[in-house]
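Here the protein sequences line up with chains W and P, keeping their order. Read in order, the letters of the first sequence correspond to residues 1031 to 1565 in the working numbering. Read in order, the letters of the second sequence correspond to residues 6 to 202 in the working numbering.
Derived from the structure by calculation, the hints contain no laboratory data. Small disclaimer: the values here were computed from a predicted structure and weren't measured. You may find that some hints are simply not true.
Claimed, not checked - Just so you have them, the derived chain W footprint on chain P, three or more residues with Cβ under 8 angstroms: (1) 33-45; (2) 74-87; (3) 147-155.
Said to hold, decoys possible - Capping the alpha-carbon separation at 35 angstroms, the derived lysine-lysine pairs in DSBU-like fashion look like this: (4) K1076/W to K1168/W; (5) K144/P to K1496/W; (6) K1076/W to K1060/W; (7) K144/P to K1076/W; (8) K144/P to K1071/W.
Backbone N, C-alpha and C fix where the C-beta goes; we use that ideal spot for every residue, glycine too.
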Amino acid sequence: MAAVIIFAIIFTAGFSYFSFQASSNLTLDKANASAQLAQNKVTQEKLVLGAFQSLTNGNLWLNITNVGGVPSTIVSVFVTNFAGQLISTGPTSPYLTGTPYLNVSLPLSIPIGVTTHQMNGCAVKMGCDIGISSSSPKAYAYDSSQGTVLVTVLTAAGNEFSIQYPMSTVSTTSVTGDTTVTVTSSTATTITVNSTTTSTSVSTSSSTISTGLGIGTNALVVQMAACPWSDDDSSCLSSSGFYGGTVLLNVTVTNYSGQAINTQMNVLPVVTGTVPTPTGSCSPSSQNILASSAFTFHCPYSVSQGNVGGTVTFIGYAQGTASGKQITSAESTSNTINVGNLATELTGPLTIDYFNFTYYSSSNPGGRSSPVISHSDHFVSLDASITNTGNASIVILQYSYFQFVRTAQEEDYYIVNGTTAHSLLPSYTGSSPNAKGSFGALVCSEGSSGPNPSGCGITLGIGVTKTVAFAANAPGTPGTTLGAGWEWGTGTPGGGISSGEGINGFVVIIFAEKNAKGNWISFAQTLPYFGIYIS
Amino acid sequence: MRSWKRRHAVSELMGTLIMIGITLVAGAAVIGWVNGQAGASEQVYGQNVANNVNYLSEHLVVVNVQFPSSGCSGTSPSRYCDVMQISIYNNGAEVDTVSSFTVVDKSGVTQAAVAQTAPTSPGAWCAPSPGCAASPVLKTTSLSTGPTAQPTVFTVTLPTAPAACTLVLCFTVGSFYTLQVMGQFGYSVQVQLTASG
Chain W
1031 MAAVIIFAII
1041 FTAGFSYFSF
1051 QASSNLTLDK
1061 ANASAQLAQN
1071 KVTQEKLVLG
1081 AFQSLTNGNL
1091 WLNITNVGGV
1101 PSTIVSVFVT
1111 NFAGQLISTG
1121 PTSPYLTGTP
1131 YLNVSLPLSI
1141 PIGVTTHQMN
1151 GCAVKMGCDI
1161 GISSSSPKAY
1171 AYDSSQGTVL
1181 VTVLTAAGNE
1191 FSIQYPMSTV
1201 STTSVTGDTT
1211 VTVTSSTATT
1221 ITVNSTTTST
1231 SVSTSSSTIS
1241 TGLGIGTNAL
1251 VVQMAACPWS
1261 DDDSSCLSSS
1271 GFYGGTVLLN
1281 VTVTNYSGQA
1291 INTQMNVLPV
1301 VTGTVPTPTG
1311 SCSPSSQNIL
1321 ASSAFTFHCP
1331 YSVSQGNVGG
1341 TVTFIGYAQG
1351 TASGKQITSA
1361 ESTSNTINVG
1371 NLATELTGPL
1381 TIDYFNFTYY
1391 SSSNPGGRSS
1401 PVISHSDHFV
1411 SLDASITNTG
1421 NASIVILQYS
1431 YFQFVRTAQE
1441 EDYYIVNGTT
1451 AHSLLPSYTG
1461 SSPNAKGSFG
1471 ALVCSEGSSG
1481 PNPSGCGITL
1491 GIGVTKTVAF
1501 AANAPGTPGT
1511 TLGAGWEWGT
1521 GTPGGGISSG
1531 EGINGFVVII
1541 FAEKNAKGNW
1551 ISFAQTLPYF
1561 GIYIS
Chain P
6 MRSWKRRHAV
16 SELMGTLIMI
26 GITLVAGAAV
36 IGWVNGQAGA
46 SEQVYGQNVA
56 NNVNYLSEHL
66 VVVNVQFPSS
76 GCSGTSPSRY
86 CDVMQISIYN
96 NGAEVDTVSS
106 FTVVDKSGVT
116 QAAVAQTAPT
126 SPGAWCAPSP
136 GCAASPVLKT
146 TSLSTGPTAQ
156 PTVFTVTLPT
166 APAACTLVLC
176 FTVGSFYTLQ
186 VMGQFGYSVQ
196 VQLTASG
């Protein structure tokens, strides 16, 4: 007995020891993993900075783009001079963290691939670009006598990213022959030319030229996005299933300078495969873009696929004049649009997630406690939530319908115009039901130019879910009047529905666009009848 | 001739009790020894683990090093500085303190070392010669961490006035130095810099 007790005690002590060791090892492993994760974040973090100065108030602005592999968090901003001395001044230290010394309050998180100019929520015109106050309370004001300064941001990961302001000057000590010197400067710059040649191109031995626009980066920045012309922006996310038509190119030009610039767009379409060169132009032809603001040019281009298809991409740049000087933006490239490529033919199913029945009763509207009681309930419309789980964007056409599978007869509800649910709810307490909703048929006019009518139907991008409405073809008096304008409707209006009518289930049939071979694509989904309705 | 000698012995009950007692005493001694050994081992191992965890959680960043013009004198190439300001940002997982700053020149000669040996007597920190000062005080100045943490600026002042610079305890403008910052748990970071001011 004593031996057993002693063994138990020793075993307990030993077990506790090993448990402690295991627990300690786990803690150490976690700390090690955290340290490695932090180190990975440090190595994957990369920001690109742009600096420009507002001529109107002298504030220095930072535009930051996260081109790294992890989200980045800016914790402070500071300015140093050429000697590395901190010359920004905050309330307690040179490290600036928020208003009123900055226009935004840090920390500021920048997602991957996002530029601060695109971000919102900072309640300033320049998106979430960081502005350093040059007036009271002054954090930093650039003075050309300071020469080149370094504007730096510190991230939560411990990295520092800097940009020199203004950009480097051009220095040439010995030049022979014809020489062109291009100077980009953010401030008024003095260029002194000393020449000992007798060339007539230099009329004086020393001349001074003043230039500069008050910006550290290019004054005009262009962003371009192209998508097939549609009533749905989600189609821009994927151009699969586009076989020709109009491509709308949206060109956003941002003027980072401190003055208005009269701007024009120059766009060149680049095609591959058998796609003919698209034709089109931008509207308006020129636009006076105010200081520190952006403007979007709309450029519709007519695109066709040719024999096989291919791609189209747009390359463009903005040109403008400010104070008599010409400014040209850097070249920008749009996303690529696939045109008529058979490889993008739609495959994969649609899913239909739920139904929401909307109805009214014309016979006994008052005092109802349940939406479905007897044959006198006449369903007028229903909503279905449809998700495109295929590999291409589709357009749902007018022929799509919803069918009750009954023992006695079918009853069809056709898709109605619009992409949102229709509201048609009865009044349970009043003497008459609420006014019926007004439905219009979804009508698409097929053109001869392509299988998919332009601007028609309900576009459903890849992975996009929309709630569409189906309605009986007789939203007038139930069971008696055939509604007008329902091209594909039958003579059977929406009628009563209950378990007593032998309903076996529902079938939803969605007609989508034709595929590249000109064949119709349709999807059917049969759902069992559970006798449960949600209104 | 047979001799009958009476022999005395403990009863079986007493013998059993004595044996149990001896066993318990011996067992208790063994348990005590085992527990003592295990406890000592746990303490050492736990301390090692804690040190490692703290070390792994420690991360300091030298954001900026500057030599204020007010701390420099003379003209190039004989311009010297005796004040250096170091901005330290703590982005580790725990609140931290700086243990020491060490500056060496390109030949490895220690120019200034502010060691954490006697925090109550700042004048005694400096090696190789007393008189160095760091403000705020190194070990007692907590460096917070987290999204709102900001760099802390430490000012290191060397004991020798620039005018009396012996080239040992001052920074020569234009010269190349290496600064090492040591955290309280052993994490160290080195930056290379050129004195300017």
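Verification of the supplied hints:
Coverage of the stretch 33-45 of chain P by chain W holds in this model, with 5 residues showing a Cβ closer than 8 angstroms to a Cβ of that chain against a need of three. Proximity of the stretch 74-87 of chain P to chain W, defined as three or more residues with a beta carbon under 8 angstroms from a beta carbon of that chain, is not established by the 1 residues found. For a cut-off of 8 angstroms, the count of residues in the stretch 147-155 of chain P with a CB near a CB of chain W stands at 4, and the three-residue condition holds. A distance of roughly 29 angstroms separates the Cα atoms of K1076/W and K1168/W; the hinted pair therefore holds under the 35 angstroms criterion.
Note on K144/P and K1496/W: the hinted pairing is violated, with a Cα-Cα distance of about 61 angstroms set against a maximum of 35 angstroms. Pair hint K1076/W plus K1060/W holds up; C-alpha atoms about 26 angstroms apart against a cutoff of 35 angstroms. Pair hint K144/P plus K1076/W holds up; C-alpha atoms about 33 angstroms apart against a cutoff of 35 angstroms. The straight-line distance between the Cα atoms of K144/P and K1071/W is roughly 28 angstroms, inside the 35 angstroms bound, and the hint therefore holds.
Of the hints listed earlier, those the structure fails to meet are numbers 2, 5, in rising order.
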